Each structure stands twice: as C-alpha cells, then as structure tokens.
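Undergrad: Chains F and D: place on chain X using the hints.
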Amino acid sequence: MSRRSERRLHVDWTRCDGHGACAELLPELLAHDEWGFPLSRTGERDPVVPPRLQELADHAVRTCPLMALRTV
Amino acid sequence: MTTMASRDTRRLLGTPPAERLPRLTLAQLLALVEDAGLTGRGGAGFPTAIKVRAVAEARRPVLVGNAMEGEPLSMKDAVLLNRAPHLVVEGLGVVGQAIGAGRRVLAIGPDVDPGDAETAAHGRGVEVAPLEGGFVAGQESALVNQLSGRPAVPSDPLVRVTTRGVDGRPTLVLNAETLAQVALLARYGADWFREAGTAEDPGTSLFSISGAVEHPGVVEAARGTALSDVLAPALPQDPVAVLVGGYHGAWLAGWAIDTPLTAPALRQHGATVGAGVLHVLGRGTCPLRVAADIAAYLAEESAQQCGPCVNGLPRMADGLRRLARRVPDPGLPAEIDRMRMLVTGRGACAHPDGTARMVASTMRVFAPHVDRHLAGHCGLDRGLDAGREVRR
Amino acid sequence: MNGALWALGRGTGIVALVVFTITIVLGIVTRSGRPVPGLGRSGAADVHRTAALTGTALVGVHVGSLFLDPYAQLRLVDLFLPFLGSYRPLWQGLGTLAVELLGIVTVVSLLRRQVGPRVFRAVHWLTYVFWPVALLHALGNGTDAATPWFRGVAVACIAAVGLAVGWRTAPSYAGRGWHRISRRVAR
Numbered sequence: 001m002s003r004r005s006e007r008r009l010h011v012d013w014t015r016c017d018g019h020g021a022c023a024e025l026l027p028e029l030l031a032h033d034e035w036g037f038p039l040s041r042t043g044e045r046d047p048v049v050p051p052r053l054q055e056l057a058d059h060a061v062r063t064c065p066l067m068a069l070r071t072v
Numbered sequence: 001m002t003t004m005a006s007r008d009t010r011r012l013l014g015t016p017p018a019e020r021l022p023r024l025t026l027a028q029l030l031a032l033v034e035d036a037g038l039t040g041r042g043g044a045g046f047p048t049a050i051k052v053r054a055v056a057e058a059r060r061p062v063l064v065g066n067a068m069e070g071e072p073l074s075m076k077d078a079v080l081l082n083r084a085p086h087l088v089v090e091g092l093g094v095v096g097q098a099i100g101a102g103r104r105v106l107a108i109g110p111d112v113d114p115g116d117a118e119t120a121a122h123g124r125g126v127e128v129a130p131l132e133g134g135f136v137a138g139q140e141s142a143l144v145n146q147l148s149g150r151p152a153v154p155s156d157p158l159v160r161v162t163t164r165g166v167d168g169r170p171t172l173v174l175n176a177e178t179l180a181q182v183a184l185l186a187r188y189g190a191d192w193f194r195e196a197g198t199a200e201d202p203g204t205s206l207f208s209i210s211g212a213v214e215h216p217g218v219v220e221a222a223r224g225t226a227l228s229d230v231l232a233p234a235l236p237q238d239p240v241a242v243l244v245g246g247y248h249g250a251w252l253a254g255w256a257i258d259t260p261l262t263a264p265a266l267r268q269h270g271a272t273v274g275a276g277v278l279h280v281l282g283r284g285t286c287p288l289r290v291a292a293d294i295a296a297y298l299a300e301e302s303a304q305q306c307g308p309c310v311n312g313l314p315r316m317a318d319g320l321r322r323l324a325r326r327v328p329d330p331g332l333p334a335e336i337d338r339m340r341m342l343v344t345g346r347g348a349c350a351h352p353d354g355t356a357r358m359v360a361s362t363m364r365v366f367a368p369h370v371d372r373h374l375a376g377h378c379g380l381d382r383g384l385d386a387g388r389e390v391r392r
Numbered sequence: 001m002n003g004a005l006w007a008l009g010r011g012t013g014i015v016a017l018v019v020f021t022i023t024i025v026l027g028i029v030t031r032s033g034r035p036v037p038g039l040g041r042s043g044a045a046d047v048h049r050t051a052a053l054t055g056t057a058l059v060g061v062h063v064g065s066l067f068l069d070p071y072a073q074l075r076l077v078d079l080f081l082p083f084l085g086s087y088r089p090l091w092q093g094l095g096t097l098a099v100e101l102l103g104i105v106t107v108v109s110l111l112r113r114q115v116g117p118r119v120f121r122a123v124h125w126l127t128y129v130f131w132p133v134a135l136l137h138a139l140g141n142g143t144d145a146a147t148p149w150f151r152g153v154a155v156a157c158i159a160a161v162g163l164a165v166g167w168r169t170a171p172s173y174a175g176r177g178w179h180r181i182s183r184r185v186a187r
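Protein chains in written order, with my numbering: chain X, 1 to 72; chain F, 1 to 392; chain D, 1 to 187.
There may be inaccurate statements among the hints.
Here are some of the chain X residues that sit facing chain D, going by a computed Cβ distance under 8 Å [claimed, not checked]:
{"id": "1", "residue": "ARG15"}
{"id": "2", "residue": "GLY18"}
{"id": "3", "residue": "HIS19"}
{"id": "4", "residue": "GLY20"}
{"id": "5", "residue": "LEU53"}
{"id": "6", "residue": "THR63"}
{"id": "7", "residue": "PRO65"}
{"id": "8", "residue": "MET67"}
By construction, these hints were calculated from the structure, which means they are not laboratory data. Remember, predicted model here, so these are calculated numbers, not experimental data. Even for Gly, the Cβ is constructed at its ideal location relative to N, Cα and C.
Bound conformation, chain X alone:
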C-alpha cells in the first residue's frame, strides 16, 4: 500500500517579485503582504497543499511569470 507523501508549495524568493497570481489562485493557502509578496496562511514557510488544491497549485506554478513557484 503506497503512502501518499505530502506536497508543499515552495517560493523561490530570489525570483518572486510580488506578481500575485499565486495568491489569487490559492487564497486558502496564500495571502499577500502590503508589497504584493505571498504570505503563507498556514504558518509554515512552505505550506502543505491538500490534494483537492493540487491541480490549482500546479496551475499556479505554471502561471507564475517569474517561475518562482515549485511544488516539492
């Protein structure tokens, strides 16, 4: 029986410049600060992506114009 490992959303801060598409797509996981940069709502640095949000998270990773997102 395979154990599904958790997936997390990782921000490459050296690339992020506060575009904001990610927070728009994943409002449950990400807010944004006053400068537009993503703010994890879960208190963790790399928030866990629940399975039902996985597709949206993948979309956010593809949509980020700076390629600053990854799922790890």
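TA: For chains F and D alone, coordinates are given in the frame of chain X:
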C-alpha cells in the same frame, strides 16, 4: 589582534604544526567527528558529521573552508588564520582526503590577512581565494556562488550546495575554525576532545569580544563556560548587557551575565552561541541607539533579492531609529513588531530572520528603555538597567 | 482549392496579427502585476500565453497554406532565408524574419523552466522586434493592405500596443514589489 588565555584552553591557539598529516578514510573521519560530537563553529552549530555525510556519495566533491568573516564584530577566523593557519590547512587536508575532494579552497574575506594562510597553504594542495566581502557573502550558497563566478548573493536553499555547489559540483563548506577542530581531533582523538566543554557540546571554541571592554580581542574557551568567565580576560567595564551571537544574536541582560553559554541556557534568552561573538554594552551607551545602528547596517547589507527583506528591513530599521530618537509615536513598537513578523521566514537566507531576532530581543530586554523613549526621555538619564522588570 | 488556400493564407495572417497584438498588450499587463477585470492576474497571464500559442498556430497555417498554394510561389528556401521571394521580396522577407523571431521566442518560452528566468526574459524582448516586423510585413505584403477595413485593423493594433507601451513607460507608472515600495519609503 589581542588573543587572551582563558583557563588552560590553549588548543586552537597553542598547537604547533603537525609533523605528518593524519590519514583518515571517510568512515574513520565520520566516526571521529561523530564520537567527538563536533558541531560547526560558523554560527549554525550544525553537527559536522551530518554535513560530511551529505557529500559521502559524491565523486570528487569540492571542499571549501569558510573564513569570510562577514560579521563585523567577529575576529576569530582572522585571528585563527594569523596565529594557527596550519591547523586550518591540516583540517582541509584531512577532510579533503577522506571525502576524495577534487578541489580544496580556503575562502578568505577582505578583513582577513591572506599572508599567513598563503604561507601555510603553500604546496599542500589548498587554493587560497581572497574574495569580496559583505555581510551575507559568508553565507554558504553566497560563498559558493562567488567561487563559481556569480554575484556573491545567496541562492534558493531548495537545492543544497552539497548536491550542487561550486561549478555545479557537490560542495562541502566548513567554517575555518571547524576545520581546525577537525585537525586537532585527527591528532588527539575524540576522548581528548571531550575533556573540555560539556557532554552535549564538547570541545573549545573561539570567542570574539568587543564593546565596553578594556582588551577587545579573541579568547579560546571551553564550550558551555559561563559568559562572565569567557569575558573575564577582556576586562569588561560594568556591562549593562551583552549581545551574544553578533548582529543576528540576542541580548543577555547584565543580571544574566553568569549564564553558561550552552544551548538550553541561552534558549531562554532567545539566543544561541552562534559564531561566538560577544559584544558588551556599557553604561552611558543607549541600547536603542546601538540596536538601531545595527538594524540600519543590516538593512543596507541585504542582498536585495527577496522582496520581504528588501522592503521590510529598512522599515524595521527606520522604526528603531525613530524610537532611538525618542519620536513620541506610541504605535512604533507595534509597527516594528509587525515588520518583524513580515520578514521572518520569507527570504532565501536567514538574514531577515537574524535581523528580526536581534530586534525582538532588543524590544524585550530593553523594554524599560523603550517606554522611556516613547515618553520622550532616555533610559540613560535614570541609569536604567536592561530589563530588570522583565526577569524570567 | 487554390482560391481557398489563398483566402486561408490571407485570413490567418490578419487574425494572427490581431492575436499577437492582444498577446503583447496582455504581456505588458501581466508584467505589471495589475489584475484585468474578470481575469485577475492569473487570468491575464493565462490568456497572454494562450493567445501567443494561438497566434503561433495561425502563423503555421498562414505559412503552410501559402506554401501549398502555387499562386503564392513560396519556395522552401523562402521559409528560412528572407528577401529571396518573387512577390514583393522585401515585405515577404520581413515575413520570413518574423517567423524566425517567433520560432526562437516560442521554443525558448516552451523550454523556459530549463533555460531559466534570465535567458527566458532576455529572449522575450525579441517580441518587441517580432511584432513591428510582422505588422510591416502585413502592411507591405498583404493583398488586403490597401483596403480601408484592413487599414482600420492595423491602426487599431498600433493604437493598442502604443497605448500599452505608453502606459508602461510613463513616469507615473508605479512598479511592483520593491520598486513600488521604494517610493513609499522615500516619501
């Protein structure tokens, strides 16, 4: 540069060069540093065995000795390379051989004199690389980037340098003092190493002492020694508080000066030993002014890559500066705190986190001073101590 | 059949020009981080990408149908080396140039995760060369170029890109992230 003796711990600063380099296999090296319980002396205090193991599978990894000395208050690596460069070179030799390193580099910052290091490294397969400095230039990935010909700023920590580092090769970065400790370990063994220090944190390390002391400089002391004992040879002048851990550290109030420099004891003050930087604050110096100056410096030294750091650090420093100037804005502590929360954990390196830690410690330990400043006065008028009211 | 190919070639060319105009405008909007009403920021980025791929497909059909149409007299070499064509060689050469620029940008964009953001961004600047070259090709080579309706389309495209670029380069434009913030702190 003054070096001082503390009890009889003249290990790093008193050991002459080895006649022959001890030859260790990787397994032997790992067993040695594990038995000795050696942790990194560069600030993070990471178990050295774990770091070495990370490049165990690598073919011809790169070994880098970190003597960048990016922290302005730190002098220990400069002193080490001046007084005992042979130990660092021996450490590079021992580790380099055990891991099968294809390249051994000793990275030296601009505040370190390369002369003695170059002499000691001559003919021993160690490249001495004088590099550009800056506060974050000594950070592991920033150092690796500079050695790879890229700007000396940190990279996303997702890909560890032990996986992909200098020129894309697996890289092991160890602080210069850690390497010197390994050299001693290779000669005298783990049992000897454990004769000093505590069971959880054995051995000795170098401490850089600055501030309101008669003899600023570097002292070698056993790990876990009480702060007051470590400071003693420097002759501190009526300390109000001590900044433990450098610009990214935390304040220990004067009444806590006998605290042993162990992780559990320091944790209660929100501090760690870090790279052994101890800065003494004397009477007649406004602690908020000192903290504001440090925060301003740290904001300037940001690598300017990550939004929260670029934006948040100057705001936080500005808040502290206004507080130090006694701007009667009751919202200042909350604003400083808000910035602190916004920058913590939101950057590619620990620069914003460390700055936030120092600021948080300042606001907590010097809370009486904060209150005085908000009322338009300074705690110095009343001879306020550090946080007597905030005793834990 | 030939008439159909010819019509297809012309039609896809014009539509591609319009689609790429939308692409550039949305590209500028995406870079700015401003949301588009109804699309948001993520939508703007998505439509930008979709429009670009659509335009590329249209150009593929445009070139393909003209190549197959004997009336157009397009040889294989004309697809790669500009200015060798028999029909208005200068303007057709611009078309070849536009296709090559589009090819480079498209390939690098599809491989953006592999080449990294710096290379991706540098190559993407070529879109500002591609679009005017494509426009000139349409104006010079297009059979319908002289008609009022096509001129109207061309003017609208120029106006759209001109407005977008003007908005972006205006001094009043507040940058995103730290650019925006450094203004606030300086105040």
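Undergrad: Confirm or reject each hint.
TA: Structure-based check of all given hints:
Among the interface hints, the one on ARG15 (chain X) holds; its C-beta lies about 6 Å from the nearest C-beta in chain D, closer than the 8 Å criterion. At about 4 Å, the closest approach between the beta carbon of GLY18 (chain X) and any beta carbon in chain D falls short of 8 Å, and the interface hint on this residue holds. With 8 Å as the threshold, the beta carbon of HIS19 (chain X) comes within range of chain D, its nearest partner Cβ sitting at about 5 Å, so the hint holds. The criterion of a C-beta within 8 Å of any C-beta in chain D is met by GLY20 (chain X), whose closest approach is roughly 5 Å, and the hint holds.
For LEU53 (chain X), the shortest C-beta to C-beta distance to chain D is roughly 14 Å, which exceeds 8 Å, and the interface hint is violated. Contact between THR63 (chain X) and chain D, as hinted, is supported at the beta carbon level, the nearest pair being about 5 Å apart and thus within 8 Å. Below 8 Å, beta-carbon pairs count as interface contacts, and PRO65 (chain X) has one with chain D at about 6 Å; its hint therefore holds. Here the hint on MET67 (chain X) is kept, as its CB sits about 5 Å from the closest CB of chain D, short of 8 Å.
Hint 5 alone, counting from the list given before, is not met by this structure.
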